[in-house]
Every structure is written in structure tokens, then in C-alpha cells.
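Residue numbers (the numbering used here), protein chains in the order written: chain A, 1 to 216; chain B, 1 to 200.
Treat the hints as calculated values from the structure; they're not laboratory data. Don't take every hint at face value.
[To be verified] Away from chain B, derived, C-beta distances all over 12 Å, residues of chain A:
hint, residue
1, A15
2, G42
3, N46
4, V55
5, A68
6, S158
[To be verified] Ranges between beta-carbon positions, derived for each pair:
hint, chain 1, residue 1, chain 2, residue 2, range
7, A, G162, B, D64, 30 to 38 Å
8, A, H178, B, A147, 17 to 25 Å
9, A, R119, B, S63, 25 to 33 Å
10, A, S186, B, E169, 44 to 52 Å
11, A, N136, B, D64, 55 to 63 Å
12, B, D172, A, D100, 51 to 59 Å
We put the beta carbon where it would ideally sit given N, CA and C, even for glycine.
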Amino acid sequence: MSGHHPSADCLADYARGSLREGAMLVVACHTETCERCRQEAGLLENLGGVLLEEVAPTALSSGALQRAMARLDASPSGAAAGHALPRFLDGLGAPRALADKTIGSRRWATPNIWFAPVRMAGETASRTYLVCGRSNARIPLHAHGGLELTQVLWGSFSDPSGTYARGDFVAVREDTQHALFVTGSSPCLCLIDSDTPMRLASYTARLLQTLLGQLY
Amino acid sequence: MCQRLPARCVRCVALGWWDTGFLADWSDAIVAIAERRDKESFRALFLYFAPRLKSFYLRLGASDATAEDLAQEVMFTVWNKSFQFEPGRAAASTWIFTIARHLRIDHLRRERKPPSLPEVSDVPAEITPCEHMLCAEREGLVRDALAGLPAEQVNVIRLSFFEDLPHREIADALDIPLGTVKSRVRLALSRLRAMVKDSS
Numbered sequence: 001m002s003g004h005h006p007s008a009d010c011l012a013d014y015a016r017g018s019l020r021e022g023a024m025l026v027v028a029c030h031t032e033t034c035e036r037c038r039q040e041a042g043l044l045e046n047l048g049g050v051l052l053e054e055v056a057p058t059a060l061s062s063g064a065l066q067r068a069m070a071r072l073d074a075s076p077s078g079a080a081a082g083h084a085l086p087r088f089l090d091g092l093g094a095p096r097a098l099a100d101k102t103i104g105s106r107r108w109a110t111p112n113i114w115f116a117p118v119r120m121a122g123e124t125a126s127r128t129y130l131v132c133g134r135s136n137a138r139i140p141l142h143a144h145g146g147l148e149l150t151q152v153l154w155g156s157f158s159d160p161s162g163t164y165a166r167g168d169f170v171a172v173r174e175d176t177q178h179a180l181f182v183t184g185s186s187p188c189l190c191l192i193d194s195d196t197p198m199r200l201a202s203y204t205a206r207l208l209q210t211l212l213g214q215l216y
Numbered sequence: 001m002c003q004r005l006p007a008r009c010v011r012c013v014a015l016g017w018w019d020t021g022f023l024a025d026w027s028d029a030i031v032a033i034a035e036r037r038d039k040e041s042f043r044a045l046f047l048y049f050a051p052r053l054k055s056f057y058l059r060l061g062a063s064d065a066t067a068e069d070l071a072q073e074v075m076f077t078v079w080n081k082s083f084q085f086e087p088g089r090a091a092a093s094t095w096i097f098t099i100a101r102h103l104r105i106d107h108l109r110r111e112r113k114p115p116s117l118p119e120v121s122d123v124p125a126e127i128t129p130c131e132h133m134l135c136a137e138r139e140g141l142v143r144d145a146l147a148g149l150p151a152e153q154v155n156v157i158r159l160s161f162f163e164d165l166p167h168r169e170i171a172d173a174l175d176i177p178l179g180t181v182k183s184r185v186r187l188a189l190s191r192l193r194a195m196v197k198d199s200s
């Protein structure tokens, strides 16, 4: 069990499905490894199921059932294979929730850091991506314009506010400026959803931004 | 067929199960779809859940046509992803709800609210989840617990959770202060959690 979790409100929003898509994915990845949050979200999902059964039904238009039945034959049968996870995620503890997402090719921002976009099905203003740093890699000082959610999938990193390890969920709010260091001997993989692009503080760091910009 | 409303369940009535005391669960219908592509099970599921899914989307602000399209889409996803359903681990209605929740994100172009900022404390004190409980058995407990809550608390839960009304709108609709809405939601959820935990 990890030490840093989404808030109760955040889990409730997740359970109801009222977070943006990328944020839903980050929280879903968290609940895969966190028993506590999985139980809490599960309870709220049960509540959703119960309320769904208890709601007064609304009559469907005529022929709705026939239309539904007619679609069945045209659909693929059995288990449709999800997208295979890219090889570069091997051994990095990629969660199941990523399996049906389309992950773009990775771009090396520096010799020690790569980014890979996670593409969402719906229209979304946010950016969701995987970032991986080798041991001792450093992500330069940068700022956030909005809200950034991070789930640590593998390894650990530290910033001035603390050290975050596999399973931890971190939310960084606007006007936070920080630099990150990958700690420990293994690489650190994180899934990040951000509602605005990050702003890098130093000149050299803008190279990172340029590369990040090319992802989308 | 279903344990809750056997007399009103199309499949129970059609097959005479509710009369003979046969009680199964909607889970069986999903399993039948996964294993045998059973259209009769799909038909029963559709007749029960699609009108409720339509209500769900209508309450979230979708138009009549969109609500119906989304209900169709959810049921089609149930057909296609039935192999992902794990009976015992998940209750049928909870599983269908989570599909409905995701399609809402994909299709319902509504203004998205930003996620709430997680609290700084490591473990919020208000959460004391029941450990290691299977979703399927918990759903029955949630159902019982909900029935045991005062009507005013069920009302705010339904409005805030299911119908996705912001707390301020609930306060206006019920003509009570905003703080009261928040405390009622919090109280109701913590009572629900405690009741589920006690009976588990």
C-alpha cells in the first residue's frame, strides 16, 4: 500500500465518472495497486450500481430492442485483444488500465528521460503521458499552470515536497514550481495527466518543452 | 431472475423462475453472453438495464436522443466486453454502471470539472474501508445500508452522486445552506461505509 492517495472527493469523482478522461486513467492506475482506494472507490461504484437499478426506468423509443439485437451479429465475438503494450514498458510494472489505451512512440527528451503520449478516445483538452527517467535523472525546474496528477508506476522520485515511490499518487497545483530527481537504482516511470502544458523555467529546459510539444 | 424485483423482471416472468423460487443474478446473464453469446440473456439484460441507463443519462443532462444512444452503446459494450466480467468479483449492476460511467466521459460533451485536490494528509481519517471485500457481496450490503439511511441523506447522495448536481445546485433545489449539503453528503457516505463495514 502506498503512502500518498487521492482525496476522498477525488475518489468520489472518479467513482461517478466526473473526472476528465486522463485523470480517470491516473486514478484507475492508482486503485490497481492501492487496496485502500480500490475498496473505497469500489464501495462508491456499488452505490452507483444500486442507484442505477433503483432509478425509475424511462421508456425507450419503439424498435430500440430490435436495433440493439440487430447490432449483435455484426460485432466481433469473443475476447477482442487490447492494444499490446509497447516493448519499452516491459519490466516497468505497467498497469492493466493502460492495456486498452493507445500509447504513442517514446521521445527522448534527454539521454536519461523519455516521454510517451497516452492517447484518449474522447476529445480532451488535457495531456496524458508516460514519463520515465533513468536512475539519477533530473527533470529541470518547471511550473504548472493548472492541475497535474501523477501516479508513480515504477521506481521513485523526489522533489522538494518529499519522495514518492511506486503506488503513490501525487497532485500538483498551479503555481507550483519544482525540479524532480529520480532516486534509487531503478528507472522511475510515471503516468501524468495535466490540464495545461508545463512551463519550464530555465533556457536549457525549454529543449524538453520543445520535444514534449512534438508529442501532440 | 433478479433477487430484487422478481415479479417485475422480464426474464423471471418470461421463464417463470420467480414463480418457482429460482433466484439467480444478472451476473448469470452476462456470463451466458460471454460463454455462449446468448442472445436471450442479452435481451433480458437490455430490457431491464437500457431504460434505467436512459434515465441515468437524462439525469446527467443528456437529450432524449443522446440518452438513448448512450444506453444502446452501454448495452453493446456489455455484449462485446462480457468476457471481462468476473462474476463473484463484480456485481452485474456495478459493472454495467462502470461502463456507463466511462461512456459518459467518451461521449457526453459536458463541461468537465477539475478533479478535487487531494488532501495533504496521507490517509484521510474519514475513510475506513472494509478490507478485502468482494465487490459482488458488498453490493448487497450497500443496497441494504442505503435502505437504512434517512430519506434526506439518500436524497443528497442521489443528487450529488448519481445526478451529478454541484453541491450549490442541490442547496438551491432543496432550499438548504451549502454547508448543510456538504455535511449531509459526508455524513451519509460515512454512515454508508460504517454500515457496510459492520455487516461485513
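Going through the hints against the structure:
no.: 1; hint: A15; verdict: 8 Å, violated
no.: 2; hint: G42; verdict: 5 Å, violated
no.: 3; hint: N46; verdict: 4 Å, violated
no.: 4; hint: V55; verdict: 5 Å, violated
no.: 5; hint: A68; verdict: 5 Å, violated
no.: 6; hint: S158; verdict: 16 Å, holds
no.: 7; hint: A:G162 / B:D64: 30 to 38 Å; verdict: 50 Å, violated
no.: 8; hint: A:H178 / B:A147: 17 to 25 Å; verdict: 48 Å, violated
no.: 9; hint: A:R119 / B:S63: 25 to 33 Å; verdict: 28 Å, holds
no.: 10; hint: A:S186 / B:E169: 44 to 52 Å; verdict: 48 Å, holds
no.: 11; hint: A:N136 / B:D64: 55 to 63 Å; verdict: 58 Å, holds
no.: 12; hint: B:D172 / A:D100: 51 to 59 Å; verdict: 40 Å, violated
Checked against the numbered hints above, the structure violates hints 1, 2, 3, 4, 5, 7, 8, 12; every other hint is satisfied.
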